[in-house]
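Q: Sequence:
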Amino acid sequence: MIKFAICEDEIIQAEINQDYIKRWADKNNIEYKIDIFESAEKFLFSWQYEEVYDVIILDIRMKSMSGMELARNIRLKDSDVIIIFISGIDDYVFDGYNVAAFNYLLKPINDEKIFNVLDRVKEKLEKDKNAKQFLLLSKGKNIFKIDYDDIFYIIAFDHYIDIHSKNEIYTFNRKISQLEELLPKENFVRCHRSYIVNIKYVKNINKNSLLLEDDIKIPISKTRMDNTYNTFINYFAKTE
Numbered sequence: 100m101i102k103f104a105i106c107e108d109e110i111i112q113a114e115i116n117q118d119y120i121k122r123w124a125d126k127n128n129i130e131y132k133i134d135i136f137e138s139a140e141k142f143l144f145s146w147q148y149e150e151v152y153d154v155i156i157l158d159i160r161m162k163s164m165s166g167m168e169l170a171r172n173i174r175l176k177d178s179d180v181i182i183i184f185i186s187g188i189d190d191y192v193f194d195g196y197n198v199a200a201f202n203y204l205l206k207p208i209n210d211e212k213i214f215n216v217l218d219r220v221k222e223k224l225e226k227d228k229n230a231k232q233f234l235l236l237s238k239g240k241n242i243f244k245i246d247y248d249d250i251f252y253i254i255a256f257d258h259y260i261d262i263h264s265k266n267e268i269y270t271f272n273r274k275i276s277q278l279e280e281l282l283p284k285e286n287f288v289r290c291h292r293s294y295i296v297n298i299k300y301v302k303n304i305n306k307n308s309l310l311l312e313d314d315i316k317i318p319i320s321k322t323r324m325d326n327t328y329n330t331f332i333n334y335f336a337k338t339e
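First residue of the sequence shown? That's 100 in this note's numbering, and the numbers climb one at a time after it.
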């Protein structure tokens, strides 16, 4: 899934941008989520306290805080997220380089222009995902970087998840399904509706449970047994 944020104070233009993304994603059979924000302040509140996005699409001229100023704020905490400007003016094209903008699209835009950019976005995200070795999650005003290798398992409870790592337990207001999408499937498996485990730390497996290092026992649901077993076998076949 690709998570997009559109920050645009003109709602008609925001909906046009949203429509471009939807049609491109449907054409390429890509799952997506799109959130629209009418101001930089509303975006920052959501971003700092809840969401992490893959792509942020910004207008330059907005009331109160400009898109360029917002981009500078974003870069203070996230050097990797893809930023795309869509604007009717070219005055800030070179400023876009200073915030490492992925692209600066000048209006009017059309399918060919934006689809070409989104194709390159897809390629970059796939490349980064293959090279990426960590989770990046926000909590309040903080963003946490957690190495995949440090994660033992993840457990869900109520509307929260606990990430049990080598040295710490991290708690986030997230659905376990969201974490499942972010983690590499060859290394992690959701063996139960409430658990995801790092296959690297599995000592043995039976029809009811997994045993991790430090003798941590994790349940396996019947419906997830086959996938759990196959992931386990494939992982260790590759490491031998």
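Any given hint could turn out to be false.
If you anchor each label on the Cβ, the simulated ranges turn out as follows [as the list claims (entries may be wrong)]:
#	residue 1	residue 2	range
1	241	193	42 to 50 angstroms
2	313	256	15 to 23 angstroms
3	239	322	54 to 62 angstroms
4	212	316	29 to 37 angstroms
5	205	232	24 to 32 angstroms
6	321	122	49 to 57 angstroms
7	269	212	23 to 31 angstroms
DSS-like mimics (lysine-lysine), calculated; alpha carbons at most 30 angstroms apart, straight line [as the list claims (entries may be wrong)]:
#	residue 1	residue 2
8	212	238
9	176	238
10	102	244
11	121	102
12	321	176
13	102	126
Derived from the structure by calculation, the hints contain no laboratory data.
We put the CB at the ideal spot given by N, CA and C, even for glycine.
Q: Would you mind marking each hint as holding or not holding in the structure?
A: Now for the hints, and whether the structure bears them out:
no. : hint                          : in the structure
1   : 241 x 193: 42 to 50 angstroms : 32 angstroms, violated
2   : 313 x 256: 15 to 23 angstroms : 20 angstroms, holds
3   : 239 x 322: 54 to 62 angstroms : 35 angstroms, violated
4   : 212 x 316: 29 to 37 angstroms : 54 angstroms, violated
5   : 205 x 232: 24 to 32 angstroms : 36 angstroms, violated
6   : 321 x 122: 49 to 57 angstroms : 40 angstroms, violated
7   : 269 x 212: 23 to 31 angstroms : 40 angstroms, violated
8   : 212 x 238                     : 35 angstroms, violated
9   : 176 x 238                     : 12 angstroms, holds
10  : 102 x 244                     : 18 angstroms, holds
11  : 121 x 102                     : 12 angstroms, holds
12  : 321 x 176                     : 42 angstroms, violated
13  : 102 x 126                     : 17 angstroms, holds
The structure fails hints 1, 3, 4, 5, 6, 7, 8 and 12 (numbered hints given earlier, in ascending order).
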